[in-house]
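Since the structure of chain A is already known, use the hints to place chain B on it.
Quick mapping for you: the protein sequence lines, in order, are chains A and B. Its first residue numbered 1, the first sequence is counted upward by one per residue in this note's numbering. Its first residue numbered 1, the second sequence is counted upward by one per residue in this note's numbering.
Hint data in this document are derived by calculation from the structure and do not stem from the laboratory. Keep in mind the model is a prediction, meaning the values are calculated, not measured. Hints should not be assumed to be uniformly reliable.
[To be verified] Here are the simulated SDA-like pairs of lysine to any residue, each with C-alpha atoms no more than 25 Å apart in a straight line:
#1 Lys41(A) to Gly85(B)
#2 Lys55(B) to Gln6(B)
#3 Lys64(A) to Gly16(A)
#4 Lys42(A) to Ser12(B)
#5 Lys73(B) to Tyr33(B)
#6 Lys42(A) to Pro41(B)
#7 Lys42(A) to Gly85(B)
#8 Lys42(A) to Gly96(B)
#9 Lys42(A) to Ile49(B)
#10 Lys106(B) to Thr115(A)
#11 Lys64(A) to Ser90(A)
#12 Lys20(A) to Gly61(A)
#13 Lys41(A) to Gln44(B)
#14 Lys55(A) to Ala97(B)
#15 Lys73(B) to Ser7(B)
#16 Lys42(A) to Tyr58(A)
#17 Lys41(A) to Pro9(B)
#18 Lys42(A) to Ser90(A)
#19 Lys78(B) to Ile46(B)
#20 Lys42(A) to Val19(B)
#21 Lys41(A) to Ser74(B)
#22 Lys70(B) to Glu105(A)
#23 Lys20(A) to Ser5(A)
#24 Lys14(A) to Phe67(A)
#25 Lys41(A) to Lys109(B)
#26 Lys42(A) to Met11(B)
#27 Lys106(B) to Ser7(B)
#28 Lys20(A) to Arg98(A)
#29 Lys64(A) to Arg113(A)
#30 Lys42(A) to Glu10(B)
#31 Lys106(B) to Phe39(A)
#32 Lys41(A) to Gln2(B)
[To be verified] A partial selection of chain A residues facing chain B, derived with a Cβ cut-off under 10 Å:
#33 Thr32
#34 Phe34
#35 Lys41
#36 Lys42
#37 Ser43
#38 Leu44
#39 Met45
#40 Leu46
We treat Cβ as the ideally placed atom computed from N, Cα and C, and that holds for glycine.
Each chain is listed here by its residues.
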Amino acid sequence: GAVVSQHPSRVICKSGTSVKIECRSLDFQATTMFWYRQFPKKSLMLMATSNEGSKATYEQGVEKDKFLINHASLTLSTLTVTSAHPEDSSFYICSARRSGRATGELFFGEGSRLTVL
Amino acid sequence: AQTVTQSQPEMSVQEAETVTLSCTYDTSENNYYLFWYKQPPSRQMILVIRQEAYKQQNATENRFSVNFQKAAKSFSLKISDSQLGDTAMYFCAFIGAGSYQLTFGKGTKLSVIP
Chain A
1 GAVVSQHPSR VICKSGTSVK IECRSLDFQA TTMFWYRQFP KKSLMLMATS NEGSKATYEQ
61 GVEKDKFLIN HASLTLSTLT VTSAHPEDSS FYICSARRSG RATGELFFGE GSRLTVL
Chain B
1 AQTVTQSQPE MSVQEAETVT LSCTYDTSEN NYYLFWYKQP PSRQMILVIR QEAYKQQNAT
61 ENRFSVNFQK AAKSFSLKIS DSQLGDTAMY FCAFIGAGSY QLTFGKGTKL SVIP
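Chain A with its partners taken away, still in its complex shape (with noise of 0.2 Å):
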């Protein structure tokens, strides 16, 4: 099956900083990756689309400037939490879709838990 990989999987930092998540397809090409935010027992959320060699498209209320998407090729997202708060902790989670395949499957990654201090 398709495997989608996230790094780092757990990672604190203090209020102000800056975190990068990487998510990676690791054997298919993916030109839409999709970021997801998790609070505890709730679902998934949608934060925004990523979209190969264009700009990400951000879900209403999703402050495209403090969470930065680049998607720079067909196997890697980035998803860049800026001047990160106490408030953007959480369970961040990628997902993939496979270009050209009309399945509907969306292929998870492993999840990043951002812990803010």
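Quick look at chain B alone, frame taken from chain A:
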């Protein structure tokens, strides 16, 4: 807009027994995909089963099967011979055939009791 509803926040089942998780959805589209994803304590989202709306036959994957009722917009998941490793959050999800965006339900926390 599509919506996915999971009306059971929590469920429990005895090991080796059968349990059914419910899911309903609302859409005006005729062609779409439905999924059940499992999220164990490790938090990794794992695809359990997929159903294509144009297929009348219910999908089956080993101990997991669905009851897909297109007219009723219902998509329940049956887990047979429940195992301790089935303990997880289960999310029902919908995606339109021409769409990139997956819509999730709120999830059902399933606990398998030894």
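Each hint tested on the structure:
no.: 1; hint: Lys41(A) to Gly85(B); result: holds (19 Å)
no.: 2; hint: Lys55(B) to Gln6(B); result: holds (22 Å)
no.: 3; hint: Lys64(A) to Gly16(A); result: holds (17 Å)
no.: 4; hint: Lys42(A) to Ser12(B); result: holds (18 Å)
no.: 5; hint: Lys73(B) to Tyr33(B); result: holds (12 Å)
no.: 6; hint: Lys42(A) to Pro41(B); result: holds (13 Å)
no.: 7; hint: Lys42(A) to Gly85(B); result: holds (21 Å)
no.: 8; hint: Lys42(A) to Gly96(B); result: holds (23 Å)
no.: 9; hint: Lys42(A) to Ile49(B); result: holds (21 Å)
no.: 10; hint: Lys106(B) to Thr115(A); result: holds (24 Å)
no.: 11; hint: Lys64(A) to Ser90(A); result: holds (17 Å)
no.: 12; hint: Lys20(A) to Gly61(A); result: holds (21 Å)
no.: 13; hint: Lys41(A) to Gln44(B); result: holds (14 Å)
no.: 14; hint: Lys55(A) to Ala97(B); result: holds (23 Å)
no.: 15; hint: Lys73(B) to Ser7(B); result: holds (14 Å)
no.: 16; hint: Lys42(A) to Tyr58(A); result: holds (20 Å)
no.: 17; hint: Lys41(A) to Pro9(B); result: holds (10 Å)
no.: 18; hint: Lys42(A) to Ser90(A); result: holds (11 Å)
no.: 19; hint: Lys78(B) to Ile46(B); result: holds (16 Å)
no.: 20; hint: Lys42(A) to Val19(B); result: holds (22 Å)
no.: 21; hint: Lys41(A) to Ser74(B); result: holds (24 Å)
no.: 22; hint: Lys70(B) to Glu105(A); result: holds (19 Å)
no.: 23; hint: Lys20(A) to Ser5(A); result: holds (14 Å)
no.: 24; hint: Lys14(A) to Phe67(A); result: holds (17 Å)
no.: 25; hint: Lys41(A) to Lys109(B); result: holds (9 Å)
no.: 26; hint: Lys42(A) to Met11(B); result: holds (16 Å)
no.: 27; hint: Lys106(B) to Ser7(B); result: holds (9 Å)
no.: 28; hint: Lys20(A) to Arg98(A); result: holds (23 Å)
no.: 29; hint: Lys64(A) to Arg113(A); result: holds (20 Å)
no.: 30; hint: Lys42(A) to Glu10(B); result: holds (12 Å)
no.: 31; hint: Lys106(B) to Phe39(A); result: holds (11 Å)
no.: 32; hint: Lys41(A) to Gln2(B); result: holds (22 Å)
no.: 33; hint: Thr32; result: holds (5 Å)
no.: 34; hint: Phe34; result: holds (7 Å)
no.: 35; hint: Lys41; result: holds (8 Å)
no.: 36; hint: Lys42; result: holds (7 Å)
no.: 37; hint: Ser43; result: holds (5 Å)
no.: 38; hint: Leu44; result: holds (5 Å)
no.: 39; hint: Met45; result: holds (9 Å)
no.: 40; hint: Leu46; result: holds (7 Å)
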